[in-house]
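There are 2 protein chains.
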Amino acid sequence: MNGEALRTFVAVAETGQFQAAADELGISQQAVSKRIAALERHLEVTLLVRTTRGSGLSLDGQVFLPHAKKVLTALEQAEQAVRPGSRPLRVDVLNRRIAPAQAVYRFYRSHPEMHLDAVTLSNENAAQAARAVLEGTVDASFRALSAERVPAGISAERLLDVPLELLVGPAHPLADAPRARPADLAGHRVWIPGIRPGTEWAAFYRALSEAFGLSIDALGPHFGDEALMDALADSAALATLVGSGDRYLWPQTHDLRRIPLHDPTPVYPHVLLSRSGDQHPVLTALREHLRTSGPRTPDDVWTPDWVDR
Amino acid sequence: MNGEALRTFVAVAETGQFQAAADELGISQQAVSKRIAALERHLEVTLLVRTTRGSGLSLDGQVFLPHAKKVLTALEQAEQAVRPGSRPLRVDVLNRRIAPAQAVYRFYRSHPEMHLDAVTLSNENAAQAARAVLEGTVDASFRALSAERVPAGISAERLLDVPLELLVGPAHPLADAPRARPADLAGHRVWIPGIRPGTEWAAFYRALSEAFGLSIDALGPHFGDEALMDALADSAALATLVGSGDRYLWPQTHDLRRIPLHDPTPVYPHVLLSRSGDQHPVLTALREHLRTSGPRTPDDVWTPDWVDR
DNA sequence: ACCAGACACAACCAATCGTTGTGGAAGTAG
DNA sequence: CTACTTCCACAACGATTGGTTGTGTCTGGT
Chain A
1 MNGEALRTFV AVAETGQFQA AADELGISQQ AVSKRIAALE RHLEVTLLVR
51 TTRGSGLSLD GQVFLPHAKK VLTALEQAEQ AVRPGSRPLR VDVLNRRIAP
101 AQAVYRFYRS HPEMHLDAVT LSNENAAQAA RAVLEGTVDA SFRALSAERV
151 PAGISAERLL DVPLELLVGP AHPLADAPRA RPADLAGHRV WIPGIRPGTE
201 WAAFYRALSE AFGLSIDALG PHFGDEALMD ALADSAALAT LVGSGDRYLW
251 PQTHDLRRIP LHDPTPVYPH VLLSRSGDQH PVLTALREHL RTSGPRTPDD
301 VWTPDWVDR
Chain B
1 MNGEALRTFV AVAETGQFQA AADELGISQQ AVSKRIAALE RHLEVTLLVR
51 TTRGSGLSLD GQVFLPHAKK VLTALEQAEQ AVRPGSRPLR VDVLNRRIAP
101 AQAVYRFYRS HPEMHLDAVT LSNENAAQAA RAVLEGTVDA SFRALSAERV
151 PAGISAERLL DVPLELLVGP AHPLADAPRA RPADLAGHRV WIPGIRPGTE
201 WAAFYRALSE AFGLSIDALG PHFGDEALMD ALADSAALAT LVGSGDRYLW
251 PQTHDLRRIP LHDPTPVYPH VLLSRSGDQH PVLTALREHL RTSGPRTPDD
301 VWTPDWVDR
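Chains A and B, in that order, give the protein sequences. Just so you know, my numbering puts 177 at position 177 of the first sequence, and the rest follows in order with no gaps. Just so you know, my numbering puts 13 at position 13 of the second sequence, and the rest follows in order with no gaps.
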């Protein structure tokens, strides 16, 4: 069964004549006749009663008509859902628990009329995300990308700086420190599990470890946040780094501590990638929202030198 | 866009491989490839990301999948609706604007999970409708039929009594009466256009006119409700009878008045005809709904004497 | 009786859809 | 590194579908 057949049936039902339906559809009367005949043959019922004055709905036709319209409506909506241009803004937030997702969610909360979808591109690095943006798979993506690596056709704006904090268990030497300097971490193990090589995250943490002589272990597989929290809570040596706004769900039972970093404060610089010249109003509003309502960034910050200030 | 293409897409999405989808659909892997390619070309979007391990949903594919499933469900229901045997309950409501249609619609509203279709048998009287029920063209029909005229194999139950009201224009002598008695209408012209001789409606109005000495003109052709309303609004002599729940769309501009009738209240007795022993659950539920949720009928009612109380 | 309107049938051509055969890319085992 | 396997895409070709134009049949009105 075919969308054109249903459209033809609806046209005949509404005009009452094959010829009028044919004109409406831009095909010949004979083609309408064949489509209707095929549809009736497929359904094994008579949908239309033919008279010399035109055609009317049979009982089965009456029953079928609303169903046919419903199918056509669903078809139209299905096409609409993926049609470039006329769909909600699609923003890649990397991961639903970290700062970009929170920021997009706050934006949506304060602008509920804005149609947008937050999605997560899986297994992609910044360059691949940029390609996804170029291809229109997503309309925008939060990534860390230096200016010289931004491909042509992509517009990039650094809109979200997330200060990093140390997350440690109660037995850790820094557990009761009100704050710490990156240099204080030299020699400590800092564990960032589940970072895949080749991603901008790996590059960021590599630069961070080189800048401050940290021993960052970014290799082991990530067995889930719960396992990470368990390991942290039990260890006096292990620490991890989280964004200050990240919403990991660690139960109070773990008794984990966030230790802000300062002097300088390492910040993860989220750059919003979008197609150059994309005029989508929701995109414009999101950019404006991030520009104006972003959290205050400390003065003394560190970012990798491949990131533009 | 084609149902097979959607089914193919869903199959690939669920199996994760073109070959597995092809096996499921009983076609070759190459055919699956072509169908998906055609669908993607039509939508101008990439739905599936191909790898050497199989295929996964792209972002657009994730968005499109539920829509595709919805279309397929609608298609299935459309075919189901006219498939002989196992199809939704088909109820003949005579005319979409009068009480039975309203009652069936209310039933459907309160039981949205009940699959039923409301249809109107055209040009048929009660005897022909009973035959249609026997033959299975429809499963149930609202008619006015006395017990002794119910054919064998048909079960009839009086489930919907509709009190009649007088509908008049502003110049009519009864226009400002809060209510009227049928006897008050003696001598007035009551016009019921478009009632074909030989139908139970004609018999009902004949009995009504004989009982109260009305002058019912049921002959002239019916030029549509709009013409009837125009005629009523302009005439000081003309009146018509409508069911108290009927939904004729008369614009306020006509300034027509409904005058309830009492002492006694003529009621049109709708009897639901169905095949004896039909156990269709929706039919059972509809009967029960009508029995329990029907509007209160006034005590002092008139019906033709060939109707069973 | 004849004509006009409305739909169906027939013949034909183009486009589509399925098949089989084959190729290329990427992961995997040795 | 090479060979093999897996998976999807491309090519060629026959069958089917779907469109067109031309014609036929039925019926209601003149």
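Source of the hints: derived by calculation from the structure; they are not laboratory data. Take the hints with a grain of salt, since some may be wrong.
List of simulated lysine-lysine pairs, BS3-like, C-alpha gap at most 25 Å [what the hints assert, rightly or not]:
| hint | chain 1 | residue 1 | chain 2 | residue 2 |
| --- | --- | --- | --- | --- |
| 1 | A | 70 | B | 70 |
| 2 | A | 69 | B | 70 |
| 3 | B | 70 | B | 34 |
| 4 | A | 34 | A | 69 |
| 5 | A | 70 | A | 34 |
| 6 | B | 34 | A | 69 |
| 7 | B | 69 | B | 34 |
| 8 | B | 69 | A | 70 |
Since the model is a prediction, treat every value here as computed from it, not as a measurement.
Here is what the structure says about each hint:
no., hint, result
1, A:70 - B:70, "holds (10 Å)"
2, A:69 - B:70, "holds (13 Å)"
3, B:70 - B:34, "holds (23 Å)"
4, A:34 - A:69, "holds (20 Å)"
5, A:70 - A:34, "holds (23 Å)"
6, B:34 - A:69, "violated (28 Å)"
7, B:69 - B:34, "holds (20 Å)"
8, B:69 - A:70, "holds (13 Å)"
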